[in-house]
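Q: The task is to assemble the complex, starting from two chains supplied on their own in separate frames and drawing on the hints.
Below are the chains, spelled out letter by letter.
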Amino acid sequence: MRRLFIILLIFGLFTGLACSVALASEVCYKCHDKKNFTGKFTHGPVSQGKCGDCHNPHVAKYPGLLQGEGAALCYSCHKRAKTEFAKGVVHQPVRDGKCLGCHAPHAAGHDGLLRKNLAETCFVCHQEMAKPQAVSHKPFAQGQCTVCHQPHQAKNDQLLKMEADALCLSCHQQAQGSAGHRGFPRKLSGCLSCHNPHGSSRKGLVRQHLHQPFAEKQCDSCHGAQHNTGSEACLRCHAGMKTTMMAPHNHMFAGTENGCILCHSPHAGDDKKMLKTSGNKVCQPCHQDTFSRYAQSQHRHPPVSSCSECHEVHGSDRLAMLRDDGNQVCSRCHLTQGKFSHPVGDKVIDQRTGQMMTCVTCHDPMGSPHRYHLVLSAKKELCTQCHRSY
Amino acid sequence: MLRKNPRCRLGCLLFFGMFFSASSLVWAAEMQSPWKFVFSLQGQGKGMALPVALYVDHEKERYYVVDSTGNKLVSFGADGKYLQEFTAEGNLKKPYDMVRLADGSLLVVEKGRNSLTRVDLKNKKTVHTVVKHQGQEVFVDRLEIAGGKVYVLDRSSGRILQLDETLQPAKSYAMPAGAGWLADFKVAEKKVWVLDQKKKQVYSYDENGRPSPAIQLTGVDFPVSLAVDPTGLLYVLDRHRGAIVAFGRNGEVKYQFLTKGQGRDNLYFPQEIRFDHLGRLCVVDEGNSRVMVFKR
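Keeping their order, the protein sequence lines are chains E and W. Adding 132 to a residue's 1-based position in the first sequence gives its number in our numbering. Adding 58 to a residue's 1-based position in the second sequence gives its number in our numbering.
With the rest of the complex left out, here is chain W (with noise of 0.2 Å):
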């Protein structure tokens, strides 16, 4: 038929041309990142040493960059704008991460004295926590408070714990029989987002321990944070390759962005990623010494 007739095979010519077209926009929409850089933060005067974390205050709309190697937290304004630094008069000792607690007191993570640090900023009072579990001495790592509870990463037992007002472990995640070490969690669409570094695996589990089949991840080398996005995607950080990969929820890779270096489009031993109040992606750059934000 195609042969006898010229407009039908005009046609057939016409459709294979759109559907390639089609494809190509796919495939194109798939590989390429939505996210344009916005701005950086980053300290007045000798700014930030070694930034590791971030926490994003959504109520007041503001950043909170935990600079560990300068022992101090600096805020900065929903434009970016540098607003201070607090070092609890020189008393903050490796900070490591940091959330605000519903009394607008900060809890501070600080590695130095392996405790949870309560700093009650208007009675200028600190109150270091050292956090038991099972009679055992937990390692904290990372912070998150969600739901006005707050959990915490131990490093030790590989747990995440949900602590008490008290600071005490009210309840525990423990992770599947042979997993490997855990480098991040996240608590977001009511569940607890945790990367296992080694494995190279996310779990999650629900409000009551429930877990949901892991995530295995391809395409990344050192994976460091995990960020949830509420359209559908996981991104995960990746320290060795100053690289953000997104990932759909069976881990197929999406696309991925940044790379390893000193530059504007580049990581330099990146330490965590994590949305802000206004859906911007913030990734905590630490070898460059910043944060840079990242808006669809």
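Only chain E is shown next, with the shape it has when bound in the complex (with noise of 0.2 Å):
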């Protein structure tokens, strides 16, 4: 008898939560248009009529009166995706957990469900790749971005699918015996280094300042076995460039390839520095973590066109490898600070380092929790670091 009610039980709690899912979507489509919620792509739950899955109908600790925050919402059912993005090179928007950046939440026009098609919902972002150029690559001007690039993550760089040389390879195998390429000693490599995968204005999608032995097509002043490898292949030209780098925290890189190439392009580049990406792109592969915290920071520095407006690229006594002390550095800009504010320069010494006070003593420009980027709370703890009578 006992077996049997459980039996019951069992079969009601079911049939009443089925019957409860099935309702769900009707009671909510009462309020809300259900035009909004359908499209020629449908989120599985929504298409379900599953609005519970994602949504408390009474009340939530987050927005929209969601039951989870930003990705783990979405990672609750997309359990691999959550291991997944989480592997090798993370594109920006899947590191910050912002998936409905791309994805609309509930249907959408494009297929995954994105806000607009491919080409548009990356160039909401990557606004400068959407201006028109002379000569494109057929893929990039049919807007097929993915056919290079991982949305969510990769192993590559850049979000490439594969190692850049090939795949540029695996299109265009034609070109190891192109006429542009002859007396290529070896295997076709370096692709990126020449030509931008993106446009160009020059033919071949080769970009536009070219570096002068390559212009003069000396590649014996670089290559070859009688001349140095590594970073020594540069700096044997490029001498003032030793000397800034002669200093104790610099971008001499150590490693098992020529430094200098991992941000400018050996033969030709987008601009006369020949840095291998614009702006402040060409940092980002390496100092992830702070492009990670300054676009999470709630107060931050307003952006700037590129890092070197602050930074000493090459090498710097500072820290932070600032171009100059925490003062000179702001005060470029910032014409009237440190003249009314709080004292700085060398006359005004910081008591817990012995060091001048500058704006970095209390600004974060890389984004902080805080009000104006300080670097605690001006209402509690940043004053009495040092006025600690207060």
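Since the hints were made in silico from the structure, they are not lab data. Incorrect hints may have been included.
[Unchecked claim] Distance condition first, Cα-Cα at most 16 Å in a straight line; then the derived EDC-like pairs of lysine to aspartate or glutamate:
hint	chain 1	residue 1	chain 2	residue 2
1	W	190	E	364
2	W	256	E	389
3	W	318	E	496
4	W	258	E	421
5	E	219	W	279
6	W	104	E	364
7	W	151	E	449
8	E	374	W	195
9	W	257	E	289
10	E	413	E	441
11	W	257	E	421
12	W	318	E	513
13	W	256	E	165
14	W	318	W	279
15	W	256	E	513
A: The following block contains the structure:
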């Protein structure tokens, strides 16, 4: 008798739950227009009327009455994604848990629940990519970013599907014997050293600015057994750079390759410095943690065109490789600061360190949870670090 | 049986209780740092500007702190008491690391000259040496001495070089293909331990240059230095997070301690960690112009 009762109870609960799920969406749609939840592609729980999978109808900790926050909610179903998306090079929105940056949660007109078509979705952040070019790479012109890039994570820099050369040669098999590569001493490699994979004003997608020896076809001036390898190959001519790198903090990289070409392209570049990528992006692959902190911080310095606005990128005697001391580097733009605010400069000593007070003693331009990107809360512990009697 | 026998039920409850308590203790032991602050090394007068390296003289039981921006070496006694400063009469140019050689002279990495500078203290003589390896100038960086042998990190080629008495390379430790760039190395347990900052890996090589499998580090943002604990742990200094992370030899995180900032339990752009002659862990806290010493 007791067993029968238990079976009936379980059955009743199951049936009730199923009914409540079926009814849930209908109840929700009494207020929320169903049209907004339908599209060419619909999220599984929405199409099954399981609003309650993501939302709590009564009360929730998170905006939108969501059961969880950001990616954590998505990963409660997409469990494999959570593991996969943590591996290798991770796309910034994924790392920041902002799935909804690209995907619509309910329904969308595009596969993968993308908010816009693929290229438009990418261009929301990668705005500079949207500029038209005289010569465009075919997949790029067709908006097929995922021909080369993985959207979430990849083993390779720039979220490339394969190592860059292998990726290029997977389509351009004929490039090895082409006229432009005649005399190339070995299997083609370093494609991106000369070619812009998206577009260029030059034929063959060759980048805009050419390294002089390359333009003059004097390959021997850098290559060949008689020449130095590693960074020395560059520093023989760019001796001034060597001097700037003779500093306690420098970007003379001890790696198995020439460290200079981590940032610079040795053959052709998109700007005069022949950086591999534009603006701050050249720093991002190595300083991912700083970029993430900046992106996630509530208070931070407004974006600048290049990290080198504040940092000496080759070598510096100062902390964080700043171009100048923590006052001078800020007062180039903040002209009046330091004249009427808290005293700073070499006559004002930070009691904790014995060093002079500077702007960065109290401010962290790369991001902070506190107003004015202060390192600590001005209402609590910032001032009392030094002014203990207050 | 549980339903029928109250004693058995009680026994089970007791067993589970003990099991969970023991598990909690194990967990707490793994997660808590055993390190307690002992003292700081700080200079006199204007103190140290930006200390970047520490050398521990095990024989004399002294600490030498390399102050790069102050262009000086600052020595401290075993109790952390300031002893003296050395500037080679104002001739040090951006010193970055140092060791004491068997003959009592100091060997200093001078970044400003890209030289290994031998300082003969008795005769007040200074000799600068630009090291070359396979015809190329070595970009001298971190320096170690172990078993009477001097090792230097070449930032240009990405190799650890073992030097002979004339400070010329006698042996080279090449990193595996595809390695990133090297931030630090230590010689311990008759092995050379190398920290790859880009790949966040630790490589180790025996005396014959044979490599062991790389140890992958997780949970660190910007590793700059490592220390090898004879008890089996690896300590990695995270410059950006101002933290020290303890790893097992398989790369599993055991615990971490300290955070970014300018207080007592903080590090601000720290640059190096190493053990002293008493097995205490020393952290060169560059941004706070001090060296912090911790004991277990």
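Q: Each hint: holds or not?
A: Hint by hint, here is what the structure shows:
| no. | hint | verdict |
| --- | --- | --- |
| 1 | W/190 x E/364 | holds (12 Å) |
| 2 | W/256 x E/389 | holds (13 Å) |
| 3 | W/318 x E/496 | holds (12 Å) |
| 4 | W/258 x E/421 | holds (13 Å) |
| 5 | E/219 x W/279 | holds (15 Å) |
| 6 | W/104 x E/364 | violated (38 Å) |
| 7 | W/151 x E/449 | holds (11 Å) |
| 8 | E/374 x W/195 | holds (11 Å) |
| 9 | W/257 x E/289 | holds (12 Å) |
| 10 | E/413 x E/441 | holds (14 Å) |
| 11 | W/257 x E/421 | holds (14 Å) |
| 12 | W/318 x E/513 | holds (15 Å) |
| 13 | W/256 x E/165 | violated (51 Å) |
| 14 | W/318 x W/279 | holds (12 Å) |
| 15 | W/256 x E/513 | violated (35 Å) |
The structure fails to meet hints 6, 13, 15 from the earlier list, while all remaining hints are met.
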